[in-house]
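Participant: Residues per chain are reported as follows:
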Amino acid sequence: MQWLVTRIVFVAVLCGLTNAANESPEDLLRGAITSQQSGDFDAAIRQYREYLKLQPNDARALSNLGAALVHVGRYEEAIPEYRKAMKLVPDMPAIALNLALAYYKMGQFQPAIEQLVKVHKAMPTSDQTTLLLADCYLRLGRDKDVIALLEPLAKRPTDSMAVDYMLGTALIRDKQPDAGQIYVDRILHNGGSAEALLLMGMTKMMVADFAGARADLEKAVQLNPNLPDVYSYYGSALMKTGDTPHAAEAFRKELETNPNDFNAHMYLGVLFKEDQDYAHALPHFERALELRPGDEAVRYQLATVHMANGNLDQARRELESIVKQSPDFTEAHVTLATVYYKMKRKLDGDRERAIVQRLNAAAQAKQPGVKEVQSGASAIQQ
Amino acid sequence: MVRATEGGAPLFQEIPASASGITWVHENAMSPNRYLPETMGPGCAFFDYDNDGWMDIFLVNSGPSDFYTPPKPLRNALYRNNRDGTFTDVTEKAGVVSAGFGMGVAAGDYDNDGFTDLFVTAYGPPALYHNNGDGTFTDVSARAGLGPDVFRGHWTTSAVWFDYDNDGKLDLFVCSFVEYGREHMMMCGDNKLGHHFYCIPRVFKGTPSLLFHNNGDGTFTLASQGTDIEKSLGKGLGVVATDVNNDGRMDLFVANDTVQNFLYMNRGKGPNGKTRWEEIGLAAEVGFSDNGQARSGMGVDAGDIDGDGWQDLFVANVDQEMFSLYRNNHNEDFTDVAPKNQIAGATRLLSGWGLKFFDYDNDGWLDLILANGHPDDMIDQYSQQVRYREPLLLFHNDGGRMRNVSSQGGPTFTRMFPARGLAIGDFNNDGRPDILIGNNGGAPLLLKNNAGAGNRWLGVRLVGVHSNRDAIGARITWSAGGVTRSRLRNAGGSYLSSHDPREILGVGQAEKIDWVEITWPQPSGRKQRFANLPLNRYVTMTEGKETLS
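The listed protein sequences derive, respectively, from chains A and B.
Here the working numbering = 1-based position in the first sequence + 1265.
By the working numbering, the letter at position 200 of the second sequence is numbered 192, and the numbering carries on one by one without gaps.
Since the hints were made in silico from the structure, they are not lab data.
Treat the hints with care, as some may be off.
Stated by the list, open to error - Straight-line C-alpha distance at most 25 Å; calculated DSS-like pairs for lysine-lysine:
(1) B/K261 - A/K1611
(2) A/K1631 - A/K1607
(3) B/K223 - A/K1611
(4) A/K1386 - A/K1420
(5) A/K1370 - A/K1386
(6) A/K1370 - A/K1383
(7) B/K261 - B/K223
(8) A/K1383 - A/K1409
(9) A/K1611 - B/K266
(10) B/K519 - B/K504
(11) A/K1349 - A/K1409
(12) A/K1589 - A/K1609
(13) A/K1631 - A/K1589
(14) B/K537 - A/K1631
(15) A/K1383 - A/K1440
(16) A/K1386 - A/K1440
(17) A/K1631 - B/K261
(18) A/K1607 - B/K332
(19) A/K1370 - A/K1420
(20) A/K1370 - A/K1349
(21) B/K223 - A/K1607
(22) B/K537 - B/K504
(23) A/K1609 - B/K537
(24) A/K1352 - A/K1370
What you are looking at is a predicted structure, and each value in this text was computed from that prediction instead of being measured.
With the rest of the complex left out, here is chain B (with noise of 0.2 Å):
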C-alpha cells in the first residue's frame, strides 16, 4: 500500500522558486552545433555545508569552454537552507562559483575534518572544493594533485566519494566520459529536419576512469593505473560505490554510454600491496542486454529492494533499450527482474539520468524514483512516440516488487521535464526524504514528500571516528515491530549528484523502534548497539560514542 498524504495534498508537492527563493536557472549553452556537454548536464546535490543539521543545495552550471563562450558570465549555485522551506544563494560568499563547464558534483569529508567538501565535475578541469568551516570553500585542486594534468583528456561525469582501502579515508572515483575536445569534437550530419544533433556517444572512443588514493595529507594519487579500471575503456556516466559480495569492501558499479557497464570488485590488497580490481560486468551479468547488447547506461543506484541483505543495482538507459533492476544472486552473478517490477514496460520509451532507491514512504522498503529526458532536444520533430521531456516515474516497493504509482505522485508526475542529475533529502527535516532533479537548460525542480502519513521514522547520522568520518560502507540494522531490516551506507548513486548523507529508517506503524545497530566500516569494523531510541527526529551516532546526540 502506498500510505496516504495528510489532507490529501498529492505525495510529492512541487515547491516554485518563489516559495523556496532557488531562483537559479541552469544554462545548457544549446548552440547550432549541438556539441555534446551541452545536453550532459546538470547535477545537483543535497549537503549540509554548514553543518547546522539543516540540507543545503548545490547546482552545477555550466561556463566557458573551448567551444563556448558564455555572454554573460555563469556560476554554480549553493543555497543555504533558512530551515523555514526558503534557501538563500550564498554562491559568491562560500567561494564556489564556478568550475568551467560544469557536470556533476559528489560532496564528502575527504579530510575528516567534520565539513563537507566538493567534488566538481566538468567538461575541461574538475574542481575540488575544500570546506573551510567557515562558510567558505577553497579551490584545492592542484595542491590536492587533482590539477588539470591528471585531467587531461578525460571528460569528468559522475563521481563518489568512498574508502576503498577501508584506511578511514575518503577516496574518490570519477566517471570519464569520452574523448571530447578541439581534437574530436564532431557534428553529427544533418537530421531530418537540417539540423546538427547531439551525436550519439558511439562515434566517440571510450576513456578509462579514475581512481584517486586519499594520502591523508590533503593529496591525492591516481590509484587505478595498472588495475583493471584503468584497462577498462569505458564512457561512463554514473557510479555507485557498494558491497555487492557483502565482503566489507566497496566496490563500483559504472553505468557506461554505449558499451557495456563495468562492475569492479574490490578484491582487497594484492601481494604488491595495491588494492586488486576485477571488473567482472559480463560474468555478473550487468554489463549488457538479456540480448547481449550494450547500452546506454547513464544513472545506476544500489539498494537492497527485497530485504535479502544483499544489494540489488539499477541502470538507466535511453529509449528502447529499457531499464534494468539487477536482483542479486549472492554469488557475484545478479537477474535483471525489471520486466516483473514493472519497470521495463514503463521505461520502454523513456531515457533515463538521475535515479535512486529511497523509502519515500518509510515503511521500510526502498522505493525507487526515476528522472528522465531524451538527449537530443529535437527528438520530438521526428518522432512521435519519444519525447525530448519526459515523466518522471515513481515506483513503490511493496514487500520486495515494485509497482509503478508515478499516477498517484501528484501534478508534477503528469508534467514533463529535460530532468538529469536527481538527488535525494529531506530538505524540511521532516523525516520525509524530498527530491531535487537539475534540469538540463531550465530551473531545478524541488518537490517535498508528503507521503507516508502516520508511519513513522527515526533519522540517522553516522559520524565515523576510526572509520571514514561519513561511515560509507556502514551497516545500519534496525528492528521495530518485529520485523529487523539492514541498510548499507552506499556512496553515490544516480547522476552527476549527491544526497542527504543521512539516512531514514523507515518503521512503519510501529510504535518503538527496538534497537539499532551499527557495524562500521572498516578499519573499525565496531558493532554498536543502540536502544532506547526516540521516533520521528534526527540523531546522530558517533563511533565508540554510546550517547546519541
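Isolated chain A, as found in the complex (with noise of 0.2 Å):
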C-alpha cells in the first residue's frame, strides 16, 4: 500500500502549507513557506524552527515543520512537532493525520492507529482515512477490524483495487477463503495483475497447497517486485517448500521495499534461528517486535534466542510474563521448564513440567475430532 500512503502525504502537506500561507504573514514564515514549496526541506525546517522560537504556539507552522522534517525522513523529529500542535488545535483532523502518517512511516502502526481513528470518526467519508486505517490493521494482523472497515466501502461502487486487495487479504487470513475469493475474482476481472496472483497465493498457503501457492507467488513477483508483502508470500512459499536459502532471498528482499514488513522480518529471525545464528535472528525479532508490540509469537521467538546466548535471566523474565498472560501457552511452558532447568531451579522447572503434561494431556482428551470405522472387519482377536 506504498502507494496509496504517498499521495495521502501529499495531499496532507499541501493543505498544511495553503493553511499556513494563509495566516502568516510574517518574512520568517513566508520564507520558511517558499522553501517547503520549492522542495527545500532544510532550509525550510531551519526557517520554521527560527520563527517557532518566536511564535511557539503558532500550529500551523507546527505541523508544517512536521511535514517537511516527514519529507526528509525525521519521522522521530516530526511526531513532537506534530503533538505540540495537536495540543493547541485538539480538534484539527489534517494534524492528526498527518502524526499518523509519521508514526506509518516509522512502522509504529499501533500509534498511527490511535490519530487514524479520531481522523476517520471526524470524516468518515474520507476513503484515504479509511485505507490508510485499514492497512495499519492488516499489518498489524487485526483483520476483522479490516474487514468491519472496509465492507461498507466494498458494498458501494468501487473500482478501488486497494479495498479489494486489503479486503480480500484479511478474509482469507481470517479463514474465510470463500469470501476472500469474490475479491480475488474481482481483481482478476480486471486482467491478471500481481495483487490477484498475491491473494491466490496466500488462499493456497492457507489450505496448506504450498506449491500452487509458490507458483502464483513467484508469477506475483515477476509482475510487480515492489508489490507490498509480494515477497514476504512468495518467502514463506518458499519455506514451506524446502527451499530456505531462497526464502531467506525473499524475506530480504521485502525488506529492502518494505523495511516494517512484519512476517518477512519474523520468518527471517526463524530462519536464522534454525541455523543457529541467533546473532542475526536476534534484530529480525526484535524489529518485529516493534512492529507487532506485545506480540507473543516474537516474544516466544525472543525468549528462545535468549535461552539459545546463555541470557536465561532474559529469557526467564520474558518466559514468565508470556505464561503468566497465556496461561495454555504450551510451548512456553516448555521453554520456561527449560531455563529453570538450566538455572538448576529443578522445582520450578517440575512445576512448568507439570503444566506441560497437564496441557498436553488436556489437548489429547480433546481429540479426536474423527469417526469409528464401520466397517466389516474380521472378528480376529487383537
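Two chains, two frames, some hints: make the complex.
Facilitator: Okay, here's the thing in C-alpha cells:
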C-alpha cells in the first residue's frame, strides 16, 4: 500500500502549506513556506524552527515543520512537532492525519491507528483515511477490524483495487477463503495482476497448497516486485516447500522495499534461528516486536534466542511474563521449564513440566474429531 | 574425505533379489479404510541364528488382525546366509512363520545359551522365539510371561534387549504405540481426493511402554510398574539403550510420535531394591523441538559422533519438523547440532524411520544412514513438495562433523523408497557394514558396502561370561596410528530393527592396531586388554579369556 500512503502524505502537506501561507504574513514564515514549496526542506526546517522560537504556539507552523521533517525522513523529530500542534488545536484532523502518517512511516502502526481512528471519526467519508486505517489494521494482523472497516466501502460501487486487495487479504487470513475469493475474482476481472496472484497465493497457503502458492507468488513477484507483501508471502511459500536459501532471499527483498514488514522480519528471524545464527535472528525478532508490540509469538521467539545465547535470566523474565498472560501457551511452558532446569531451579522446572503435562493431557482429551470406522473388519481378536 | 571404492564401484550397491535369493515381499495390507498399522512396518534384522559367523536376515510381515484377513497366508522370513552372497529361505523349518500383524524385531541371547533369540513386536500379541540351537525356534511367549494378556492394549513397535540392572541377563524394553483396536480404531475423514487417509497419531491416546526384567529362568516380570516408564504416556516408535552419563548403567532414549520424546535415566537400585528410572527428556532438551513443540519422533540412535567419549543422540521426525542430532554436553543435557551438520536442511521435507550411526568407510568415525518415506501413501497427489517414496540419505563424519554425501552413495541414493526399518550388518564379512532396509508394501533393499578402499579394520565379537553374553554395555577402546578411540556397545537404535552384534573397529590407513581394551559391563566390570591383533578379519573376545578365537 505504499502508493496509497505516498498520495495521502502529498495531499496532507499541501493543505498545511495553504493554510499556513494564508494566516502568517511574517517574513520568516513566508520564507519557510517558500522553501518548503520549492522542495528545499532543510532550509524550511531551519526557518520554521527560527520562526517558532518567536511564535511557539503557531499550530500550523508546527504542523508544517512536522511535514518538512517527514519529507526528509526525520519521523522521530516530526512527531513531537505534530504533538505540540495538536495540543494547541486538538480538533484539527489534518494534523492528526499527519501525525498518523509519521507513525505509519516509522512502522509504528498502533499509535498510527490511535490517530487515524480520531480522523476517521471526524471524517468518516474520507476513503483515504479509511484505507490507511485498514492498512494499519492489516499490518497488525487485525483482520476482523479490516473486514468491519472495509465491508461497507466494498458494498458501494467502487473500482478501488486497494479495497478489494485489503479486504480479500483480511478475509483469507481470517479463514474466510470463499468470501475472500470474491475480491480475488474482482481483481482478476480487471486482468491478471500481481495483486490477484498474491491473493491467490495467500489463499493456497491457507489450505497448505504450498507448491501452488509458490507458483502464483513467483508470477506475482515477476509482475510487480514492489507490491507490498509479495516477497514476504513468496518467501513463506519457498520456506514451506523446503527452499530456505531462496526464502531468506525473498524476505530480504521484501525488507528492501518494505522495511516494516512483520512477516519478513519474523520468518527471517526464524530461518536464522533454525541455522542457530542467533546473532542475526535477534534484530529481526526485535524489529518484528516493534512492529507488533506485545506479539506473543515474537516474544516467545526472542525468549528462545535469549536462552540459546545463555541469557537465561532475560529468557526467564520474558517467558514468565508470557505464561502469566497466556497460561495455556504450552511451548512457552516447555521453554520456561528448560530455562529453570538450566538455572538449576529444579523445583520450578518440575512445576512447569507438570503444567506442560497437564496441558498436553487436556489437548489429548479433546482429540479426536474423527469417526469410528464402519466396516466389516474381521473378528480376529487382538 | 570419503574413501573411494575399489574399481569405481558405487559406495553402496544394491543386491537384487535375483542375486541374493531374497524374494520375500512385505504385505502392508493396505485397505480403503487406511488402518494405521498398514503404514507402520516392516522391521528387519541382521543376526546369526546358527552361529556360523555369517549374518542371517529376518524380515517381519503383517498378518491377520482385527481389521485384516489376508487372502493368502502371510509369513515372516528368515534367510540363512549361504556365505557366498546368497541366502536361503529357512522360515518354515525354523518355525518363525508368523506372529500376527508383525511390526519389528529385536534379536538377543536372553538366556545366555549362546544362541540368539528373537522378540517380534506386533499390532496384536508379540512373540518371543527361543532359539533352540538346532536351526529351529520355539514360540515361548506365554511360558516366558510375555503372553497376550501382558500386552493387551499395547501396540508394540520397537524393542530392545539390554541389561538394565547389570545382573548379567538381558532384560527387555518394548515400545508401546497408541491405543488402537476395535474400540479405538478410527477413520480420519476424506482427504482432498475423497479417500480416507492414515490418521496422524495425534488423535489416538498414548500408552506406556513396557520394561520386563529377566528372571534368569526363562521368564520375565513386568518391571516398569510404578516407575517413570509406566507414568509416561507416550506413543513410542523407536528406542535405543545407551549410557548417556557414563555411569555404567544403560539408559533409554525413546522416540514418540506427536508427543515428547522420553529419556529415561537409569538411577540404579533404590531403597526398595527396584531400579529407579527418571524421565528427563525435557530437562535434557531432547524431548521437544527448539520451539517447545513435540514432534513426530520415529527412528532413534545413539553414538559418539565427535569422539569425546560421550553418547550423542539422534531422532528422526516427519516432514517440516527436521531431524535432530543431539550433542551430549556431559551433564545430562544435549544441544541440537543438526543445523551445523547439514542434517536439518537435508531432512526438512523428509520423514525418517530407520537410521543408524555406523562407520561405513572404516576411518574410525561414526557416519550416518537415514531411511525415509512419508506415512501417507497419497501425499504425492496433494502435495508437490513431499513424496510418499523418499530418498535415502548418507552422511559422512568428517572428524566430528557430518556432511551429506548422499550424492556419492551410488544409484540407489537417487531412487525413492517407502522405507521403514533399517538394519546394519556385514553380510559378506568383508569388514564393511552393509545395509538392509524394510520397505512398506515392497521388497526389502539389501545394499552392499564398497566404501573405504584401503582402510583397515578389526571386527570384534564380544562374548560376555559374567556380564550378559551379548556384552551390551561394554566399552571398546582401541589405539591405532597414534589415535585412541572408544565405542560403547549400545543396543537397539533405528526403527523396528536389529543389527549385527559385532563391532567393526575402523583404523583408517594405520598399519596395525596397537591394542584393544574391553571394559565388560557389570556385574563383571572387568577390563581386558588385547595386543598383537590381526587386521582385516573378525575375532572373538571372550570375557576373562586372554586368547582370541
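Participant: State for each hint whether it applies.
Facilitator: Each hint, compared with the structure:
no., hint, verdict
1, B/K261 - A/K1611, "22 Å, holds"
2, A/K1631 - A/K1607, "32 Å, violated"
3, B/K223 - A/K1611, "19 Å, holds"
4, A/K1386 - A/K1420, "20 Å, holds"
5, A/K1370 - A/K1386, "22 Å, holds"
6, A/K1370 - A/K1383, "18 Å, holds"
7, B/K261 - B/K223, "18 Å, holds"
8, A/K1383 - A/K1409, "19 Å, holds"
9, A/K1611 - B/K266, "24 Å, holds"
10, B/K519 - B/K504, "22 Å, holds"
11, A/K1349 - A/K1409, "33 Å, violated"
12, A/K1589 - A/K1609, "21 Å, holds"
13, A/K1631 - A/K1589, "23 Å, holds"
14, B/K537 - A/K1631, "60 Å, violated"
15, A/K1383 - A/K1440, "29 Å, violated"
16, A/K1386 - A/K1440, "29 Å, violated"
17, A/K1631 - B/K261, "38 Å, violated"
18, A/K1607 - B/K332, "22 Å, holds"
19, A/K1370 - A/K1420, "30 Å, violated"
20, A/K1370 - A/K1349, "19 Å, holds"
21, B/K223 - A/K1607, "24 Å, holds"
22, B/K537 - B/K504, "22 Å, holds"
23, A/K1609 - B/K537, "46 Å, violated"
24, A/K1352 - A/K1370, "22 Å, holds"
Checked against the numbered hints above, the structure violates hints 2, 11, 14, 15, 16, 17, 19 and 23; every other hint is satisfied.
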